[in-house]
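> Residues per chain are reported as follows:
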Amino acid sequence: MSRNLKMKFKRIELDMSQTELAKKADVTRQTIGLIESGEFNPSIKLCRKICRALGCTLDDIFWEDEEDEE
Amino acid sequence: MKNRSNLDEQQEQTLLRLESKACWLAYWALLISMLGQVIIYGFQDCIKYVAGEWIVFMCLCLYLSIMCLRKGIWDRKLKANTATNLAVSVFAAALLGVVSTIAKIREYPDKIGGCIAVGVIFAVITLFVTFIALELVRIMYHKKITEINEEPEEEEE
Chain A
1 MSRNLKMKFK RIELDMSQTE LAKKADVTRQ TIGLIESGEF NPSIKLCRKI CRALGCTLDD
61 IFWEDEEDEE
Chain B
71 MKNRSNLDEQ QEQTLLRLES KACWLAYWAL LISMLGQVII YGFQDCIKYV AGEWIVFMCL
131 CLYLSIMCLR KGIWDRKLKA NTATNLAVSV FAAALLGVVS TIAKIREYPD KIGGCIAVGV
191 IFAVITLFVT FIALELVRIM YHKKITEINE EPEEEEE
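Each protein sequence line maps, in turn, to chains A and B. Be aware that the first sequence starts at 1, since it is given in our numbering, and climbs by one per residue. Be aware that the second sequence starts at 71, since it is given in our numbering, and climbs by one per residue.
Looking at chain B on its own, in the form it has when it is part of the complex (with noise of 0.2 angstroms):
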């Protein structure tokens, strides 16, 4: 027997905005909460506190970019192309780059030369996994997008 819904169409849209909203709400704040324990617990003692959020972050950004990736969507405001990507690969970098400077001073208060150069390193190594991460998956949005518009159209009967 088919599932029916108690909800009307005005009802589910709502409810499908609703929803969309909570699961941006948990990905910032599990974003959020697992940067800010890095910054208080430091690199070596956090990932037993972010362990677990760290699982659920990475499926939700797993099944969000895989489902995206299948149904040819990319953003609604970003474009998908190298310089956009690069852009974005360079807040991410900065990010964990300032994060991780954090984290450091936090342990070796009087290394701080050595606390900057940790965190550059981060910061370089997350730019250039984050750009290649970013180019990889826009080749295959391109490839997909392409496939999709070389489907052939329905004939009519």
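Extracted from the complex, chain A is given alone in its bound form (with noise of 0.2 angstroms):
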């Protein structure tokens, strides 16, 4: 699975620390930690809780091209 440095680059622009993150989640820092280094695969609900905290959309940090799918 793919790093998802969207992810990552959205919350280091919104300056917000792993554990802020997931604190507006309602998850662990380690769940963010691993959806950031794409060893963990989150659910649709999870992404949108995600996308919320971020003040994005789910194509801003979680839709990737066909090639880079793998």
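Keep in mind that the hints were calculated from the coordinates and are not lab data. As the structure is a computational prediction, the values presented were derived from the model and not from experiment. We put the beta carbon where it would ideally sit given N, CA and C, even for glycine. One or more hints might be untrue.
[Unchecked claim] Partial selection, computed: residues in chain A whose CB lies under 7 angstroms from chain B:
1) Val27
2) Thr28
3) Ser43
Hints are included, so try docking the two chains, each in its own frame, into the full complex.
And the structure:
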């Protein structure tokens, strides 16, 4: 699974730590770390929570072009 | 009041994976332990030693089989067909044949021929019983799959 750099950059752009994002999305910091490193595939429900916490849409951070999906 | 989990979805999935591994560890450990005791104590005497393990093992097997059947799940890798069932039955028969032969040789070391014959008879019985049981379950599985696929699609509101 590829790393979710879009999510990481968006979080950094908002000057938010993994802990802060985790708190807002009601998950552990470890889960945010695993999503960003591409080691955990979140459900749509959790993706929506993260998007709300980051103030963006699913497309902004979770959409990948076909060639990047591997 | 709804019982809220302390875990988030990543932790929940990790815990499910760990529990799944623990379940299969228990399954194989129980099987190996029972077969080992059959070899050590012989067929007659082992019953009193393995009764508890056998009950737990059968509960585990029945629960897994019934629930998988109800959900229309067969196996991750093995296909639900007669050839696979035959191969699995041959494996089970060979395993039980070898274990029963060894157990009998330990009981009657001077009657090797008879012990091998007992092992072969056990293997043949196991082959037939396992194959028939697997085929019956396969037929029920295909019926369930047909039933699931024929369920009406939910209407859009």
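> Decide, hint by hint, whether the structure agrees.
Against the structure, the hints:
no., hint, verdict
1, Val27, "holds (4 angstroms)"
2, Thr28, "holds (6 angstroms)"
3, Ser43, "holds (6 angstroms)"
Hint compliance for this structure: every hint is met.
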